[in-house]
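Trainee: Residue numbers (my numbering), protein chains in the order written: chain A, 1 to 422; chain B, 1 to 303.
If you're looking for bench data, these hints aren't it; they were derived computationally from the structure. Each hint should be verified, as a subset may be incorrect.
[What the hints assert, rightly or not] Quick list of the computed label-pair ranges, beta carbon to beta carbon:
hint : chain 1 : residue 1 : chain 2 : residue 2 : range
1    : A       : Asp377    : B       : Glu85     : 43 to 51 Å
2    : A       : Asp166    : B       : Leu92     : 49 to 57 Å
3    : B       : Gly84     : A       : Arg401    : 17 to 25 Å
4    : B       : Arg239    : A       : Gly218    : 50 to 58 Å
5    : B       : Gly153    : A       : Pro385    : 54 to 62 Å
6    : A       : Gln383    : B       : Asp194    : 49 to 57 Å
[What the hints assert, rightly or not] Here are the simulated lysine to any residue pairs, SDA-like style, with alpha carbons at most 25 Å apart:
hint : chain 1 : residue 1 : chain 2 : residue 2
7    : B       : Lys83     : A       : Asp308
8    : B       : Lys83     : A       : Arg309
9    : B       : Lys3      : A       : Leu339
10   : B       : Lys228    : A       : Pro150
11   : B       : Lys88     : A       : Pro199
12   : B       : Lys228    : A       : Phe386
13   : B       : Lys88     : A       : Asp265
14   : B       : Lys88     : A       : Lys403
15   : B       : Lys88     : A       : Ala356
16   : B       : Lys228    : A       : Ile205
17   : B       : Lys83     : A       : Glu204
18   : B       : Lys83     : A       : Pro315
19   : B       : Lys88     : A       : Leu339
20   : B       : Lys228    : A       : Pro188
21   : B       : Lys83     : A       : Gln313
22   : A       : Lys410    : A       : Glu25
23   : B       : Lys88     : A       : Tyr161
24   : A       : Lys403    : A       : Leu339
25   : A       : Lys239    : A       : Ala356
26   : B       : Lys88     : A       : Ile396
27   : B       : Lys212    : B       : Ser233
28   : B       : Lys228    : A       : Glu176
29   : B       : Lys228    : A       : Glu62
30   : B       : Lys88     : A       : Val196
31   : B       : Lys88     : A       : Asp63
32   : B       : Lys88     : A       : Arg336
33   : B       : Lys83     : A       : Asp63
34   : B       : Lys228    : A       : Asp8
35   : B       : Lys3      : A       : Asp308
36   : B       : Lys88     : A       : Glu263
37   : B       : Lys228    : A       : Pro199
38   : B       : Lys88     : B       : Glu61
39   : A       : Lys239    : A       : Val259
40   : B       : Lys3      : A       : Ser316
Don't be surprised by glycine CBs; every beta carbon is placed ideally from N, CA and C.
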Amino acid sequence: MDPASGRDQAADVLVEGAVVSSVDEPGKGSAAGGARVLECDGLVLAPGLVDLHAHLREPGGEDRETVESGTRAAAVGGYTAVAAMANTEPVADDAAVIQEVLALGARAGHCEVFPVGAITKGLAGGALAEMGEMASLGVRIFSDDGHSVPNSRLMRMAMEYSRAFDVVIAEHAQDESLTEDWQMHEGPTSALLGLVGAPSEAEEIIVSRDLLLARLTGARIHFCHLSAAGAVEMVAAAKGNGLRVTAEVTPHHLTLTDVDLVEYDTNLKVNPPLRSAEDRQALIQALAAGAIDAVATDHAPHAVQEKDREFDQAPSGTIGLETALGAVLSLVYEERLTLLRAVEAMSTAPARILGAAGQGGPVQAGCPANLVIFDPDATWIVQAPFASLSANSAFIGRTVRGKVLHTMFKGKPVVSDGTPEH
Amino acid sequence: MIKHLLSMNQLSSEDVARILDTANSFREVGTRVIKKVPALRGRSVVNLFYENSTRTRISFELAAKRLSADVINFSSTGTSVAKGESLKDTALTLQAMGADAIVIRHPSSGAPYALTRWVTGNVVNAGDGTHEHPTQALLDLYTVREHLGHIDGLRVAIIGDVLHSRVARSLTFGLSMMGAETTLVGPPTLIPPDAPVWGAEVSYQMDEVLPKLDVCYMLRVQNERQQKQFFPSVREYARLYGLSRERVAALPEGAMIMHPGPMNRGVEIASEVADLPQAVMEEQVTNGIAIRMSLLYLMMSDA
């Protein structure tokens, strides 16, 4: 399955060193003596998955995840590239932290790590962080994720400034004045459960603001984890008007809704919250049609004692690197998405948004061998132990269809038969 | 009877009828000189109260003691909770001590649900955040039935800060289940837009609703809500939604006035109205003990 070349057929793929050396018809591929052969009958080979949005927690949150454990979890999930969000401690708002994360990723060697730079210093929503310095280190995405850029002027300045560099600003769209003390989506379920709700409008207001500012400034804008039908509508319309806007959606927003929270399960407490069935349908349709470009996990590890408590005391977030493919494949099985579109949304499109050369395919001679091989039919139950250091998965106990068997990073197997190599 | 009472929606109308009927016999116990029956002798009931409460805690304590159970009162001040012990660890400690039933009041909606994951005994929700207060609804249903003989077909208004009221939720579910017609009344900022899903009408005009009521149920309104702009002033709130002497005159004859307590006299209810004979708050309190005896008995003796 190679969306970049449009290829959807059986093939023999030869990898030599760090690159794909040939892609031939089945049976025609010839391996030099001593080559390891992976029989992939019934399996799918695709460009390695690319995650635009993961929280690797290091520096500062090493009890919940490290770059090492997080990238291992990514590899187990079929990812060969991960963008690591900036809300670490200290915040990734300067060269020092960016270099640290790059070094940690290189040392771990499980997949490529793209540190995301903060838009504002300390994520405080005040002064701009040094975008130029971080961009020179290879940072391609800037985001204050966890927070929205708090006012229009600041967002305008950040967008205008970003135009000097080949980067994109990724917004976590949440009008925080409308979401004070929020616990879940505002709707019939929140009214029933006696939990303070965050209305969809809190996301839509910021999406609307940022689209208008993108129009004003000509900057690229990317929206993190869209969750509301109204926001999706606005993004689709903006694309139709030629704006350089992209968007991502999480596997949990594609498969779960607010009704799933009736037992106050804190693993389903996420930001943005799981919304209504109508919102979920809009997200699926938009992903299928391309109005939403990519799937991104928003992998957010939390410690057991943080989550195993009163709902309103628990932080929001779910891990997702290891379950993303299975969740998206469920939509393929429900015939809401084609397999080719699913792979494109999880690999080729995010690679393009990230500007990650060598990721997302094409799977052809001369291209870096960042590949995933998965069994689309194998079923498994989501449960601990995870490769991630944390176990707060929204999908615990569920049966998933679709399992990653092999992940190859720059020609080297990092996951074989579902198990990490190191 | 169900093992845990976390929400009114877990009960069927048959369950509710049974709890109310059983309460009749237990109410009689409260009139004796020796107010005790041996039904739960040797069983232990823990009152786990993370919120200050006078009437509910004492009510549960008396209910358990009149059934001869051993009662432990655990409040959050001056205990391990003040030292930062998690709800989970407190629950596991009580479990290790062999608590047969835990009655929990907690400021977080859903806390009783979490508790059921950590203990094997019965869990009774005595009020969780802004979610539910099932035993209050049950004693209110009982009080109404005692006065008017039935619940189905009655017209009830619940008036006040519905948004933040666990009593409003539980009572609306209970009334709907037993066939009454409920109208929720208050300023639009204090009534969830999705409230009709609970089986109730909504009105912002108290005076239009009063003339047709069998039961006028007033909710306490907290002064903090004014700080958050839910209404501009207490004065305006009392003027538009307070049960004044004039408004009582608009109620049909024989209509009941109820309030879960504690009252803000002069805000949601005029002081002299609270003392009228048709205001049955003291009966609600008495009935509360009987209802809680009934519930504990039915749940813990696995009847």
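Trainee: For each hint, tell me whether it holds in the structure or not.
Mentor: A quick look at each hint next to the structure:
1. Between Asp377 (chain A) and Glu85 (chain B) the C-beta distance comes to about 48 Å, which sits within the given range of 43 to 51 Å.
2. Separated by about 54 Å at the C-beta atoms, Asp166 (chain A) and Leu92 (chain B) satisfy the suggested range of 49 to 57 Å.
3. Look at Gly84 (chain B) against Arg401 (chain A): about 43 Å separates their beta carbons, and that is not inside 17 to 25 Å.
4. For the hinted restraint 50 to 58 Å between Arg239 (chain B) and Gly218 (chain A), the CB-CB distance of approximately 54 Å keeps it satisfied.
5. In this structure, Gly153 (chain B) and Pro385 (chain A) meet the distance hint of 54 to 62 Å, their C-beta atoms being roughly 58 Å apart.
6. For the pair Gln383 (chain A) and Asp194 (chain B), the beta carbons lie near 34 Å from each other, so the given range of 49 to 57 Å is not met.
7. The hinted pair formed by Lys83 (chain B) and Asp308 (chain A) meets the criterion: a straight-line CA distance of about 18 Å does not exceed 25 Å.
8. The suggested pairing of Lys83 (chain B) with Arg309 (chain A) holds, with an alpha-carbon distance near 16 Å, which does not exceed 25 Å.
9. Annotation: proposed proximity of Lys3 (chain B) to Leu339 (chain A) is violated, straight-line Cα distance about 46 Å (limit 25 Å).
10. Among the hinted pairs, Lys228 (chain B) with Pro150 (chain A) is consistent with the structure: their alpha-carbon atoms are about 21 Å apart, no more than 25 Å.
11. A C-alpha spacing of about 31 Å is found between Lys88 (chain B) and Pro199 (chain A), which places the hinted pair above 25 Å, so the restraint is violated.
12. Pair hint Lys228 (chain B) plus Phe386 (chain A) does not hold up; C-alpha atoms about 43 Å apart against a cutoff of 25 Å.
13. Distance check on the hinted pair: Lys88 (chain B) and Asp265 (chain A) sit about 15 Å apart at the alpha-carbon level, within 25 Å; holds.
14. The hinted pair formed by Lys88 (chain B) and Lys403 (chain A) fails the criterion: a straight-line CA distance of about 35 Å is larger than 25 Å.
15. Note on Lys88 (chain B) and Ala356 (chain A): the hinted pairing is violated, with a Cα-Cα distance of about 45 Å set against a maximum of 25 Å.
16. With a C-alpha separation of about 21 Å, the suggested pairing of Lys228 (chain B) with Ile205 (chain A) holds against the 25 Å cut-off.
17. Only pairs whose Cα atoms come within 25 Å are accepted, and Lys83 (chain B) paired with Glu204 (chain A) is rejected, the gap being roughly 42 Å.
18. About 21 Å separates the Cα atoms of Lys83 (chain B) and Pro315 (chain A), which keeps this hinted pair within 25 Å; it holds.
19. Straight-line distance between C-alpha atoms of Lys88 (chain B) and Leu339 (chain A) comes to about 44 Å, which puts the hinted pair past the 25 Å bound.
20. A hinted pair counts as satisfied when its Cα atoms are at most 25 Å apart, and Lys228 (chain B) with Pro188 (chain A) qualifies at roughly 22 Å.
21. For the proposed pair Lys83 (chain B) and Gln313 (chain A), the alpha carbon gap of about 17 Å is at most 25 Å, so the pair holds.
22. Between the alpha carbons of Lys410 (chain A) and Glu25 (chain A) the distance comes to roughly 23 Å, so the proposed pair stays at or under 25 Å and holds.
23. Simply put, Lys88 (chain B) and Tyr161 (chain A) have alpha-carbon atoms about 49 Å apart, too far for the 25 Å limit, and the pair is violated.
24. Proposed proximity of Lys403 (chain A) and Leu339 (chain A) is supported: the alpha carbons are some 14 Å apart, at most 25 Å.
25. At roughly 22 Å between alpha-carbon atoms, Lys239 (chain A) and Ala356 (chain A) fall within 25 Å of each other, so this suggested pair holds.
26. A C-alpha spacing of about 20 Å is found between Lys88 (chain B) and Ile396 (chain A), which places the hinted pair at or below 25 Å, so the restraint holds.
27. Taking the CA atoms of Lys212 (chain B) and Ser233 (chain B), the gap is about 28 Å. The hint is violated against a cut of 25 Å.
28. Note on Lys228 (chain B) and Glu176 (chain A): the hinted pairing holds, with a Cα-Cα distance of about 15 Å set against a maximum of 25 Å.
29. Restraint check: the Cα-Cα separation between Lys228 (chain B) and Glu62 (chain A) comes to about 38 Å, which exceeds 25 Å; the hinted pair is violated.
30. The suggested pairing of Lys88 (chain B) with Val196 (chain A) holds, with an alpha-carbon distance near 23 Å, which does not exceed 25 Å.
31. For the suggested pair Lys88 (chain B) and Asp63 (chain A), the alpha carbons sit about 20 Å apart, so the restraint of at most 25 Å is met.
32. For the proposed pair Lys88 (chain B) and Arg336 (chain A), the alpha carbon gap of about 41 Å is over 25 Å, so the pair is violated.
33. In summary, the hint linking Lys83 (chain B) to Asp63 (chain A) is supported, as the alpha carbons are separated by about 23 Å, within the 25 Å threshold.
34. Between Lys228 (chain B) and Asp8 (chain A), the direct Cα distance comes to roughly 58 Å. Violation of the 25 Å bound is thereby established for this hinted pair.
35. Our distance criterion of 25 Å between C-alpha atoms is met by Lys3 (chain B) and Asp308 (chain A), whose separation comes to about 22 Å.
36. Our distance criterion of 25 Å between C-alpha atoms is met by Lys88 (chain B) and Glu263 (chain A), whose separation comes to about 17 Å.
37. Between Lys228 (chain B) and Pro199 (chain A), the direct Cα distance comes to roughly 17 Å. Compliance with the 25 Å bound is thereby established for this hinted pair.
38. Taken as a hint, the Lys88 (chain B) and Glu61 (chain B) pair is honoured in the structure, with Cα atoms around 23 Å apart against an allowance of 25 Å.
39. For the hint pairing Lys239 (chain A) with Val259 (chain A), the CA-to-CA distance comes to about 31 Å; that exceeds 25 Å, so the pair is violated.
40. Annotation: proposed proximity of Lys3 (chain B) to Ser316 (chain A) is violated, straight-line Cα distance about 30 Å (limit 25 Å).
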